[in-house]
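*Asks:* Place chain B on chain A using the hints.
Listed below are the residues making up each chain.
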Amino acid sequence: MFGDYSLADLSSIFVMQGFAGLILFSVYVLMALGLAIIFGQMGVINMAHGEFMILGAYVTYLCSTFFQTYLPSLFGAYFFVAMALAFLASGAMGMLVEWALIRHLYKRPLDTLLATWGLSLILQQAYRTIFGPREVGVELPSWMMGSIPVTDSIEVQINGLFVIAVTTVITVGVAVLMYRSRFGAQIRAVMSNRPMAGAVGIDTEKVDRTTFGLGCGIAGIAGSAFTMIGSTGPTSGQLYIVDTFLIVVFGGAASLLGTIASAFSISQTQSTLEFFLSGSMAKVLTLLAVVGILMLRPQGLFTLKVRR
Amino acid sequence: MLQTSPSSLVPPVMPGTQAMLSISDLHSAYGQSEVLHGIDLDVAPGEIVAVMGRNGMGKTTLMKTLMGIVPTKSGTITVDGTEVTTLKSHARVANGLAYVPQGRMIFSTMTVQENIETGLTVTGSRKVPQDLYTMFPVLLEMKGRRGGNLSGGQQQQLAIARALASNPKVLLLDEPTEGIQPSIIREMGRTLKKIRDERGLSIVVSEQVLSFAMDVADRVLVIENGSIVHESLRADIDEAQVARFLSV
Numbered sequence: 001m002f003g004d005y006s007l008a009d010l011s012s013i014f015v016m017q018g019f020a021g022l023i024l025f026s027v028y029v030l031m032a033l034g035l036a037i038i039f040g041q042m043g044v045i046n047m048a049h050g051e052f053m054i055l056g057a058y059v060t061y062l063c064s065t066f067f068q069t070y071l072p073s074l075f076g077a078y079f080f081v082a083m084a085l086a087f088l089a090s091g092a093m094g095m096l097v098e099w100a101l102i103r104h105l106y107k108r109p110l111d112t113l114l115a116t117w118g119l120s121l122i123l124q125q126a127y128r129t130i131f132g133p134r135e136v137g138v139e140l141p142s143w144m145m146g147s148i149p150v151t152d153s154i155e156v157q158i159n160g161l162f163v164i165a166v167t168t169v170i171t172v173g174v175a176v177l178m179y180r181s182r183f184g185a186q187i188r189a190v191m192s193n194r195p196m197a198g199a200v201g202i203d204t205e206k207v208d209r210t211t212f213g214l215g216c217g218i219a220g221i222a223g224s225a226f227t228m229i230g231s232t233g234p235t236s237g238q239l240y241i242v243d244t245f246l247i248v249v250f251g252g253a254a255s256l257l258g259t260i261a262s263a264f265s266i267s268q269t270q271s272t273l274e275f276f277l278s279g280s281m282a283k284v285l286t287l288l289a290v291v292g293i294l295m296l297r298p299q300g301l302f303t304l305k306v307r308r
Numbered sequence: 001m002l003q004t005s006p007s008s009l010v011p012p013v014m015p016g017t018q019a020m021l022s023i024s025d026l027h028s029a030y031g032q033s034e035v036l037h038g039i040d041l042d043v044a045p046g047e048i049v050a051v052m053g054r055n056g057m058g059k060t061t062l063m064k065t066l067m068g069i070v071p072t073k074s075g076t077i078t079v080d081g082t083e084v085t086t087l088k089s090h091a092r093v094a095n096g097l098a099y100v101p102q103g104r105m106i107f108s109t110m111t112v113q114e115n116i117e118t119g120l121t122v123t124g125s126r127k128v129p130q131d132l133y134t135m136f137p138v139l140l141e142m143k144g145r146r147g148g149n150l151s152g153g154q155q156q157q158l159a160i161a162r163a164l165a166s167n168p169k170v171l172l173l174d175e176p177t178e179g180i181q182p183s184i185i186r187e188m189g190r191t192l193k194k195i196r197d198e199r200g201l202s203i204v205v206s207e208q209v210l211s212f213a214m215d216v217a218d219r220v221l222v223i224e225n226g227s228i229v230h231e232s233l234r235a236d237i238d239e240a241q242v243a244r245f246l247s248v
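First to last, the protein sequences are chains A and B. When we follow this note's numbering, the leftmost residue of the first sequence carries the number 1, and every step to the right adds one. When we follow this note's numbering, the leftmost residue of the second sequence carries the number 1, and every step to the right adds one.
Please keep in mind that the hints were generated in silico from the structure rather than gathered at the bench. Because the structure is a prediction, the values reported are computed rather than measured. A virtual CB, placed ideally from N, CA and C, is assigned to each residue, including glycine. Please note: incorrect hints may appear among the correct ones.
Claimed, not checked - Pairwise CB distance ranges, derived in the manner of DEER restraints:
# : chain 1 : residue 1 : chain 2 : residue 2 : range
1 : A       : Leu177    : B       : Val138    : 25 to 35 Å
2 : B       : Ala91     : A       : Asn193    : 15 to 25 Å
3 : B       : Glu187    : A       : Gln238    : 18 to 28 Å
Said to hold, decoys possible - Here chain A is said to cover these stretches of chain B; the calculated rule only asks that three of the stretch's residues, wherever they fall, bring their Cβ under 8 Å from a Cβ of chain A:
# : region
4 : 66 to 72
5 : 102 to 116
6 : 119 to 125
If we strip away everything but chain B, and leave its shape as in the complex, we get:
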């Protein structure tokens, strides 16, 4: 039936397995105004979690706090057993977090290949791994072009490739479907699942498009005013109810 309480019944992580990403009682604030009021979330290895919610409810802030772009006020963030709460962004990347931001944030004056290479920084390797180009053949075609001159969908693939270059354990995507045409959105859903299956990493994706979330996610959360207000596995999700959370 209705599962509206935050203490919902889904065991976040199966007993016996350690969470890949573990967030507990996370508070974060811009200056004095607190935006996240105690988020708890465990993501299992290989799990895809969709965080849904309307604009201004804290999805992007959650992502930025996880990446260390917005400072954590209290609470802890753990990646594969290592606490990263006090680390700077680049050190979090070294510990296995990778980030595809809202609006993609390609380095627009740098070529496609250089963009991917920036993601290699923490790995110490110099050469773009072949499997990234295999996964996104369009990037190989355009590797000499400036990132800013790609189309939105191509930039999105570039942002994902750049994030994957650091060999992450957890991939964070902030509204990847924003401003992308529907046929490419479906393609992206397939890509995300393929990435998970091939590399076994955990994915947290924030989303406003319910159909996309239903397509890719193993578990769906709804965030409202900085707290998680709803949580359910894809199998027993009540679409109408989640849609109500998302309607304006």
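Only chain A is shown next, with the shape it has when bound in the complex:
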């Protein structure tokens, strides 16, 4: 499959596909961070996570339309507003869902699976009703368009760089929150032993709700970033949820570093193989590799070494 290309071409292809993979990696990381926090914290498998992401994408779309119509002079800055709003909208909806639905189903993992799947269908239909079945795209401000030529045959897109920068900032932010703040310590205590966390004085219900909101809010930001690499439709989120689960399981649940490493390896493999093979063949090969590695390391890539 490499035969038709010269060595110089090949290296350019690898670099550019690698960069495209980095954008995919960014969306995956943001999605997987939220999912991993929620799964690690409450053992809840949130099948509606993709729809929370798409909510963020629609908020970004609304924001871009609003700025175009009413505040064209500020259009260049709308994306920052959109990301903040996407975080707040998805986060608020996450907290509402936790309060109305999830908290009644703790200790019943299968029921949460079904309930959140049902929720994802409801949300999809709601998006279809409100925004219409056609996919929408957002207009990027001019400074985010175009690309920077690195060499004659290699170019990197500016919006890609932007997405990667945003992801880095958010990932570092989450890491600091989880491992340096008091709230993070409370989250980890609840993750580790819920009744005991209550018995040392931690309000576990409040921690649950905030964590769920946080995870969904990060998915909202992922949705914002997603608008740059794909168009937003009612069912776009579904395409990502399976991959994201794969990443969480592959990385080892409850390990932030593992999640990042696994998102990186899966998105890079996918992106590079997609150029040479068809998209579905690329997926098959990625899945096979993941299955193989999980058979050798069932606990995932990274785990903490500690007596249980």
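*Replies:* Relative to the frame of chain A, chain B by itself:
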């Protein structure tokens, strides 16, 4: 002589003093099966009470019910005059209860210092009080280590430090000697008495080891099938009789 009736003769609390922890007619159940059938107990300020009994007699259930981990079916629990019966665990901690569970239940992936800090939640303070490290110097030495990598005895000290961090009025310990070597058990008895003397808090400790109970407790209760069947002050305890309750 023999004191087997629950209406034993020890006045639980001296007249004129208010009980720090007061339990009356406490029933609790796992689903439909009732485990505690009406426990009455008053613990005076600064008193150490040992609750003894064989496995499966309700010691741990009593502790968990007091902490709000197992739901109360009926009866009341009062801490320093405030009723906590309907409160959630964390609110009970805020009202002065602290808990060292059976098996210690350290947050194993968190460092020693982080473990103690979780106990500070209800106090609002951020810094681990120096006197906790003075009391348990080994924890200061190991403050950066993960809790799960400590030995059993060190974990026990950590669990006690974590409970004390919330500045409790009543400390509940569930079988603290389980799985701990004898020399450390004696050390722990001294520590418990020191905690009581320094902080003036009341301690309820559930135990199977009679010698440990005799060492630390001011008063010994025996619980059997979810009821208190024997009660006596340490001074006039009949060891042979309590031992009979504990034999299998």
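*Asks:* State for each hint whether it applies.
*Replies:* Hint check results:
1. The hinted range of 25 to 35 Å is satisfied by A:Leu177 and B:Val138, whose Cβ atoms lie roughly 30 Å apart.
2. Take B:Ala91 and A:Asn193: their Cβ atoms lie about 18 Å apart, and the range 15 to 25 Å holds.
3. Taking 18 to 28 Å as the suggested C-beta distance range, the pair B:Glu187 and A:Gln238 does not conform, at roughly 59 Å.
4. Under the rule that three or more residues need a Cβ within less than 8 Å of chain A, the assignment of the region 66 to 72 of chain B holds, with 3 such residues.
5. Judged by the Cβ-Cβ criterion of 8 Å, the region 102 to 116 of chain B is covered by chain A as claimed, because 6 of its residues qualify and three suffice.
6. Closer than 8 Å: that is the beta-carbon criterion, and the region 119 to 125 of chain B has 3 residues meeting it against chain A, so the requirement of 3 holds.
When the structure is compared with the earlier hints, a violation turns up for hint 3 alone.
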